[in-house]
Amino acid sequence: GVYTCLLLFVQMNVVPSVVWKLFFMYLQEFEARVGKAGPGGTSAGTSPTQPQQGRRKNLEFEPLSTTALILEDRPANLPAKSVEEAQRHRQEYDEMVAEAKKRELKEAQRKRKEMKERFKQEESIANAMVVWNNDILPNWENMRNTRRVRELWWQGLPPNVRGKVWSLAIGNELNITPELYEIFLSRAKERWRSFSETGSETEADDGASLADRESSLDLIKLDISRTFPPLFIFQKGGPYHDLLHSVLGAYTCYRPDVGYVQGMSFIAAVLILNLEEADAFIAFANLLNKPCQLAFFRVDHDLMLKYFAAFEVFFEENLPRLFNHFQSSNLTPDLYLIDWIFTLYSKSLPLDVACRVWDVFCRDGEEFLFRTGLGILRLYEDVLLQLDFIRSAQFLTRLPEDIGSDRLFACIAAAPMLNGNRKWSQVIMSSPWSARPSRATCVARSSLEITHNSATAIWKTSLS
1 GVYTCLLLFV
11 QMNVVPSVVW
21 KLFFMYLQEF
31 EARVGKAGPG
41 GTSAGTSPTQ
51 PQQGRRKNLE
61 FEPLSTTALI
71 LEDRPANLPA
81 KSVEEAQRHR
91 QEYDEMVAEA
101 KKRELKEAQR
111 KRKEMKERFK
121 QEESIANAMV
131 VWNNDILPNW
141 ENMRNTRRVR
151 ELWWQGLPPN
161 VRGKVWSLAI
171 GNELNITPEL
181 YEIFLSRAKE
191 RWRSFSETGS
201 ETEADDGASL
211 ADRESSLDLI
221 KLDISRTFPP
231 LFIFQKGGPY
241 HDLLHSVLGA
251 YTCYRPDVGY
261 VQGMSFIAAV
271 LILNLEEADA
281 FIAFANLLNK
291 PCQLAFFRVD
301 HDLMLKYFAA
311 FEVFFEENLP
321 RLFNHFQSSN
331 LTPDLYLIDW
341 IFTLYSKSLP
351 LDVACRVWDV
361 FCRDGEEFLF
371 RTGLGILRLY
381 EDVLLQLDFI
391 RSAQFLTRLP
401 EDIGSDRLFA
411 CIAAAPMLNG
421 NRKWSQVIMS
431 SPWSARPSRA
441 TCVARSSLEI
451 THNSATAIWK
461 TSLS
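The sequence shown runs 1 to 464 under full-length UniProt numbering.
One thing to keep in mind: the hints can contain errors.
[What the hints assert, rightly or not] Using 25 Å as the maximum straight-line C-alpha spacing, the simulated DMTMM-like pairs for lysine to aspartate or glutamate come out as follows:
| hint | residue 1 | residue 2 |
| --- | --- | --- |
| 1 | K221 | D135 |
| 2 | K120 | E99 |
| 3 | K164 | E276 |
| 4 | K290 | D402 |
| 5 | K111 | E123 |
| 6 | K164 | D359 |
| 7 | K221 | E197 |
| 8 | K81 | E95 |
| 9 | K106 | E367 |
| 10 | K423 | E367 |
| 11 | K290 | D364 |
| 12 | K120 | D135 |
| 13 | K81 | D94 |
| 14 | K236 | E182 |
| 15 | K111 | E92 |
| 16 | K423 | D364 |
| 17 | K113 | E401 |
| 18 | K221 | E141 |
| 19 | K221 | D242 |
| 20 | K290 | E197 |
| 21 | K164 | E141 |
| 22 | K290 | D257 |
| 23 | K120 | D359 |
| 24 | K236 | E190 |
| 25 | K106 | D94 |
The set of hints was computed from the structure by calculation and includes no laboratory data.
Working from the sequences, and respecting the hints, build out all of it.
Laid out in structure tokens, this is it:
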């Protein structure tokens, strides 16, 4: 229930405001249970003065007892053990106990190490939070591009300043106000009401057809149901279901030319976890208005070709063995990049890792999305070299759940976005179709359409 969500958020370092909201919900549940238990919080049949057995004062991890392994003699109705057999059993018993204690000690050491690392991480976050709140945010324009801030940014933003920094970095070139959001939200609610009452909508001035609007309504409902399902906070009945529905519905009214596209729910959900409702919508609309996101969500084949071709230039530069393996397997980048770019890695990576990717994406722009892709390929290069076309595509659209941010970012750092003296922006603009005339980047439009359809099929399968 709420308590499970609360624990998950604490473990993932989600923005404190979200955790507090869920905490108070859990507190209400807890008080209700205590009230049912009776006076003093004790259940019926239990003495309030009865001492609690087994309470450990020392909270450090210690090896557990191994008394489950007890050396017993044979029952009296059976022949007694011989001296040799008894000695052998004693030796086997001692070895079993020693091995059990060894495993328990190793597990206790592992837990102590994890706890120390957690304390160290929390201390680092607390120190960074002070720097961001006291030094950087009050002087944002002057400090955002300094070396000190960029290095601190790379390490990951503290959860309680993450939303603020994202908003500042994304900007508001569209000049959207909270009042404008309310207008489009009201329009969306009116359409939902009309559709639920009559089963149809009247033609609107925005030019969107009835079929398009009905399709958007269905897609939004379907996508929300499978947005971060383990958390169960965006699904129907969850605390953020209506909020996510509102942001996505308002956007379809704000940008009917784009409408709703599968994957948008993940982007909006991540923003909602870190920002208030109106601020989340403002960031969402401005983020989707960036050239890369607009190209993908509009399925602009010409621009998508540029991005795929540019990615392959840096792919071949950084990982030539894997690049050649993918070439021989005919595994083109759109088969996995579409999934990653559409959701900004929020579906492909663990939520805490995805948020750290978003941190640097807000700092470096679209280039970092493709650099992250190279980091993932580097991280799993040895695995991918052993896989064929189908298994590689499936692996890259369903990445392992145990990806650690430190390991991934070490691989990202080892993938510089330089091709000779050319940077990402120079490569992407170097030609209308490809960055250079090689087998790596000369991708025909028909090839893109075929592989795009394949990628979409794989992606939809992974969403279901």
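query = Is K106 within 25 Å of E367, Cα to Cα?
reply = violated (43 Å)
query = Do the alpha carbons of K120 and E99 lie within 25 Å of each other, as the hint requires?
reply = Status violated; Cα separation ~31 Å.
Hinted pair K236 and E190, Cα distance within 25 Å = holds (20 Å)
message = Between the alpha carbons of K236 and E182, is the straight-line distance 25 Å or under?
response = Within the cut-off at roughly 22 Å; holds.
key: Pair hint outcome, K221 versus D135 [Cα-Cα no greater than 25 Å]   = Distance of about 43 Å is beyond 25 Å: violated.
query = Are the Cα atoms of K81 and D94 separated by 25 Å or less?
reply = holds (17 Å)
query = Is K290 close enough to D402, meaning Cα to Cα at most 25 Å?
reply = violated (31 Å)
query = Within 25 Å, alpha carbon to alpha carbon, are K111 and E123?
reply = holds (18 Å)
ask   = Is the Cα-Cα distance between K120 and D359 25 Å or less?
value = Status holds; Cα separation ~21 Å.
query = Quick one, are K164 and D359 close enough, alpha carbons at most 25 Å?
reply = OK: K164 and D359 at ~11 Å, within 25 Å.
task = For the pair we were handed, K221 and E197, check the Cα-Cα distance against 25 Å.
result = holds (17 Å)
request  = Below or equal to 25 Å on CA atoms is what counts here, so check K423 against D364.
outcome  = holds (13 Å)
Hint compliance for this structure: hints 1, 2, 4, 9, 15, 18 and 20 are not met, and every other hint is.
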